[in-house]
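So you can see what is in the structure, the chains are spelled out below.
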Amino acid sequence: MSKVNDRSRDIGKYMVQPDDDIIICRCEEITKGEIRKAVYEGMFTITEIRRYLRTGMGLCQGQTCGKLVKGIIAKELCISTSDLESSESRAPMRPIEMRVLGNEKRGGE
Amino acid sequence: MKKEEGNNMENCADVIIIGSGVIGNAAAYYLAKRGRSVIVLEKSGNIGNGGSSRNGGGVRQSGRDKRELPLAIYGVKNLWPTLSEELGMDVEYYKEGNLRLGKTKEHIKILNNLSKNAIESGLDVKMISGDEAREICPYLSKEVIGASWCPTDGHANPLLTTLAYYRKARQLGVRFITGEEVTQVRKIKGKARQVVTKNNVYEGESIILASGYESRRIASTFGIDIPINKVLLEVLVTEEQPPMFYQMLGTAAADFYGHQSKHGSFVFGGSSGYEAFNKDNGTPTTSSITASAVCRGIMKYFPILADAKIVRTWAGWIDDCVDHVPVISFVEEVPGLILACGFSGHGFGISPTVGMLLSEMVVDGKTSIDLEAFRYDRFKAKI
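Which chain is which? The protein sequence lines are A and B, in order.
Going by our numbering, the first sequence opens with residue -8, and the numbers climb by one from there.
Going by our numbering, the second sequence opens with residue 7, and the numbers climb by one from there.
It is worth saying that the hints were derived from the structure and are not from the lab.
Each hint should be verified, as a subset may be incorrect.
[Said to hold, decoys possible] Derived CB-CB ranges, DEER-like:
(1) A:ASP11 with B:THR373: 27 to 35 Å
(2) B:ALA387 with A:GLY3: 52 to 60 Å
(3) B:PRO87 with A:SER73: 42 to 50 Å
(4) A:GLY3 with B:ASN205: 24 to 32 Å
(5) B:LYS204 with A:GLU76: 16 to 24 Å
(6) A:SER73 with B:ASN118: 56 to 64 Å
Idealized CB from N, CA, C, for every residue including glycine.
Whenever a hint applies, use it, and build me the whole structure from the sequences.
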């Protein structure tokens, strides 16, 4: 069950921080500042940040940055990281070439 | 604890919208623009977590039911071209045309029929040869012997479009609340007035029900049944590729559809044929056979993509209406209530138009495009 989450509640204003330009999602090159700013634009969940900025949408599928992104969002919203659901894991577990994924013959081609 | 009657003002607005998909969010935006106060209620923890964030992003007019065509054409002419500017963020709209591809004589027959219908409705669609198709998109395989071509079709990013309407509407003062599952719409003095959730009660002069398949359950609480089923569809995405082409693609065989996104990844939807019988564990789940089948389909048309890696697959439910066009309608028995559901898997392309029309229904009581074909009481027995 999702908790009631009012997206118009006052979370203050986005203030620039000195480390805003460090890269958090390496695959898609998304910075801490971009993630923080997105929270103030209404993106309150990991899934929304993903869809908005592409964090965790690259080759590693968020296996590297997932935890970091969660921490940043939680801090901006002044909530615990346990209040944020991790994003859903999607198949395949590792990137697979179409010719391999599409090949269902026993023993390959 | 549920707050019963004696509602606080905070939970009252001119309009309550149930569902934060692209339709609900677009309606919220156009209503806020016209000065109405709006509250949007979303069951999920995430904004636009249903079909709006799971579809293939087509902004097509060709291949559309005649009844929907005026909505699609209006959007492509008047709303999509300036949408990014209007909403203040890039929704990645490309108007580079739609190619519907054929490999066999049977396919060409299907395409001829589809094109004939579209041309009769006044749309600029024509049949072209395989070589002409390869001139438009040089990466097509030699197996393609013909295609239908609609130069004014295109695609956009559905994730960003849904969130762009949300973001802008929120800036304009629309209150969005996620995690609010609606259990009932209640009439007061013969008029739809209260929206009851598991936690609260909200009140509005108008109520728009735009929650995809869930609309059926909610509509039943005021005695209306809309014949929609949920049907599972799957989509996959490749790793980033160099920019290749920006046409929207489909096939006569309907084995896949898709496009290259601005980011460079290819987004393809498709089916294995087992969709109607997929396991339903309460959340839309991909099956082990569909992505493979879609890959085989794609490689026949685009052998060049055989080495592109699939990074992600996902599934979503469409709210498939019995005649495959939506219900966008006032309800005579329930004044104050507006239905916007049953988009049957092709709601994204017409969402800006529908959002605008919903705002007209609320503010003007009538619409600038005739919606007679989308009435809620059009469903009759076959004999």
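Hint check:
{"no.": "1", "hint": "A:ASP11 with B:THR373: 27 to 35 Å", "result": "violated, 46 Å"}
{"no.": "2", "hint": "B:ALA387 with A:GLY3: 52 to 60 Å", "result": "holds, 58 Å"}
{"no.": "3", "hint": "B:PRO87 with A:SER73: 42 to 50 Å", "result": "holds, 44 Å"}
{"no.": "4", "hint": "A:GLY3 with B:ASN205: 24 to 32 Å", "result": "holds, 25 Å"}
{"no.": "5", "hint": "B:LYS204 with A:GLU76: 16 to 24 Å", "result": "holds, 18 Å"}
{"no.": "6", "hint": "A:SER73 with B:ASN118: 56 to 64 Å", "result": "holds, 58 Å"}
The structure fails to meet hint 1 from the earlier list, while all remaining hints are met.
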